[in-house]
Amino acid sequence: MEQTLTLLVLDLVGCFVFALSGGLMAVRKELDIFGVIVLACVTGLGGGFLRDMAIGATPVAALSDWRYLVVPMTAGLLTFFFHPALGRLEPLVNVFDALGLGLFVIAGAVKALDFGLSPLAAAVMGLATGVGGGALRDVLAGRVPIILRRSVFYAIPAFAGASVAAFGLYAALPASLAMAAAFIVCSGWRLLAMWRHWEAPLPRGSASV
Amino acid sequence: MEQTLTLLVLDLVGCFVFALSGGLMAVRKELDIFGVIVLACVTGLGGGFLRDMAIGATPVAALSDWRYLVVPMTAGLLTFFFHPALGRLEPLVNVFDALGLGLFVIAGAVKALDFGLSPLAAAVMGLATGVGGGALRDVLAGRVPIILRRSVFYAIPAFAGASVAAFGLYAALPASLAMAAAFIVCSGWRLLAMWRHWEAPLPRGSASV
Amino acid sequence: MEQTLTLLVLDLVGCFVFALSGGLMAVRKELDIFGVIVLACVTGLGGGFLRDMAIGATPVAALSDWRYLVVPMTAGLLTFFFHPALGRLEPLVNVFDALGLGLFVIAGAVKALDFGLSPLAAAVMGLATGVGGGALRDVLAGRVPIILRRSVFYAIPAFAGASVAAFGLYAALPASLAMAAAFIVCSGWRLLAMWRHWEAPLPRGSASV
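Residue numbers (the UniProt record's numbering), protein chains in the order written: chain A, 1 to 209; chain B, 1 to 209; chain C, 1 to 209.
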């Protein structure tokens with residue numbers, strides 16, 4: 001029970017941080033107050049929505065627990081009123097974003113396994129949970145999703161972490177060990193990639209295709 | 001039973017009007033005849049699709065009742081052949097759009113409550129039902145969704161109306177009273193906002209972020 | 001049983017070919033290796049995802065059978081490493097794409113009928129299965145979906161083929177006859193339209209609206 005509570009708190013923290021990133025994007029697009037709140041909610045909740053609709057966990061979690069709605073709404077309101085301060089805190093926001101990514105991919109993989117999916121499918125659902133909200137945010141804002149463009153920062157660590165969680169739990173590793181390893185792989189990689197400016201291979205001669 | 005029939009007719013009217021707006025957007029993007037029909041259907045049915053997939057009401061309503069498919073297809077065909085006349089009728093179309101928004105948010109909130117969601121979640125689903133189709137229309141047409149940009153006209157009245165319906169019914173108000181109040185709040189606000197050119201607050205200094 | 005296996009193989013071939021088209025688009029957008037794989041998977045699996053979420057066939061098929069994940073991942077990897085050769089083979093890829101479209105609309109219509117949908121709704125789901133992945137690919141790549149713009153090539157043959165399959169099976173035609181006719185209508189039309197450069201009617205004076 002205590003573990004469930006811990007997971008819930010971590011999930012809500014991830015949701016809050018992701019919602020901040022959506023709110024900041026909305027401010028940059030000069031959306032008005034409700035547009036900021038809506039984009040914050042879509043970013044914070046979109047990944048879990050996609051996962052729950054795909055695995056059939058309906059009504060989706062965000063609609064079954066009021067905290068999943070209130071947290072990103074609050075993040076959107078905070079972004080609207082305090083975005084200059086948040087902009088200055090962007091390095092900190094990025095760190096939280098990396099931590100949020102780790103939490104989301106684990107939560108996604110665990111839930112997918114609970115619904116009877118294979119470890120590979122659970123890893124894909126962990127990836128979708130971690131990057132789905134940001135992809136929706138970018139599509140709504142009219143940009144090619146950053147998860148497609150900067151995969152070393154998002155998609156690769158998300159899939160790696162989700163795979164560690166999914167295959168680790170499937171192989172009956174102790175849950176806390178599998179989750180801790182997954183979190184370190186995903187969020188650690190994401191932080192290292194930011195810090196060291198890693199880049200993923202591009203297709204040969206892609207610019208000339 | 002009679003009330004159900006009334007709701008169905010109102011829902012189909014809303015679907016028809018929303019489909020017209022999708023068809024007009026398609027004509028402006030110079031899509032061909034089938035593109036016009038498809039965008040009309042996506043706009044008329046998208047909100048309900050999202051709601052039904054999120055709450056687990058599958059197969060979604062639009063697939064369970066042929067009238068939900070025939071109505072927006074007809075609207076698309078009419079737009080294709082008579083769009084110059086429809087363009088001249090745009091003020092009238094906007095009024096119908098405002099009425100359709102009211103009908104959709106109520107239908108969405110009521111259905112979500114029926115599926116056991118909390119009033120807050122039902123209000124969010126009412127919002128999604130009302131603005132989801134238009135958001136899909138805009139994303140497919142390559143625009144930032146108008147619900148993010150002009151929230152005083154769409155998102156705020158939609159959420160206000162959906163909240164009145166959801167919390168009113170949850171509080172066991174007479175259904176007809178709660179729905180009438182919700183309709184007046186949503187569609188009345190939308191019409192007033194159009195008529196008086198209301199605007200929602202923008203973030204401070206957002207242009208310079 | 002053998003028929004089911006045949007259908008599965010054909011479905012996977014369609015998935016592979018669609019994933020190639022997504023991978024090629026990703027290479028053109030200069031996405032990195034993981035971006036190519038993700039866009040390939042979204043294109044190959046997106047239509048079936050949409051269909052299964054809409055009809056309530058959850059967890060969606062792509063998550064219940066590992067081959068549906070491995071096939072488009074492989075297609076994405078192949079595109080990443082061999083895209084210059086694939087680019088030269090584009091006419092051949094287009095032919096496979098036409099065949100894949102026929103397979104997908106039939107698979108979509110058949111599954112929708114199995115879930116108790118009406119023939120019209122099943123035809124719409126066949127259409128969604130056939131064109132959904134490409135629509136997601138285009139939206140993620142920041143383009144108006146080609147299914148809206150070039151409907152003679154995609155949406156019309158897809159809907160025609162899906163209708164033949166759905167109404168044929170509903171009318172208790174022999175399954176192999178209904179499916180063969182649907183395949184010829186859809187893929188044959190698509191190939192003819194490519195070969196003869198067909199165009200669908202545009203709205204009158206749409207450019208000046």
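Hints are computed from structural coordinates only; laboratory data are not their basis.
Treat the hints with caution; some may be incorrect.
Any copy, or any two copies together, can satisfy a pair, since identical chains are not distinguished.
Keeping only pairs whose Cα atoms sit at most 20 Å apart, straight-line, the calculated SDA-like set for lysine to any residue is [as the list claims (entries may be wrong)]:
1. Lys29 - Ala171
2. Lys29 - Glu199
3. Lys29 - Thr6
4. Lys29 - Trp195
5. Lys29 - Arg143
6. Lys29 - Val185
Is the C-alpha distance from lysine 29 to threonine 6 at most 20 Å within one copy, between copies, in both cases, or in neither?
neither (35 Å within a copy, 41 Å between copies)
When no copy is specified for lysine 29 and tryptophan 195, does a C-alpha distance of 20 Å or less occur within a copy, between copies, both, or neither?
Cα proximity of lysine 29 and tryptophan 195: none, with 27 Å in one copy and 26 Å across.
Is the C-alpha distance from lysine 29 to arginine 143 at most 20 Å within one copy, between copies, in both cases, or in neither?
The answer is both: 11 Å in one copy and 12 Å across copies each meet 20 Å.
Up to 20 Å between alpha-carbons, please classify lysine 29 paired with glutamate 199: within, between, both or neither.
between (27 Å within a copy, 16 Å between copies)
Intra- versus inter-subunit Cα pairing at 20 Å for lysine 29 with valine 185
neither (33 Å within a copy, 28 Å between copies)
At 20 Å max between alpha carbons, let me know whether lysine 29 reaches alanine 171 within a copy, between copies, both or neither.
neither (45 Å within a copy, 38 Å between copies)
The structure does not agree with the numbered hints 1, 3, 4 and 6 stated previously, though it agrees with the rest.
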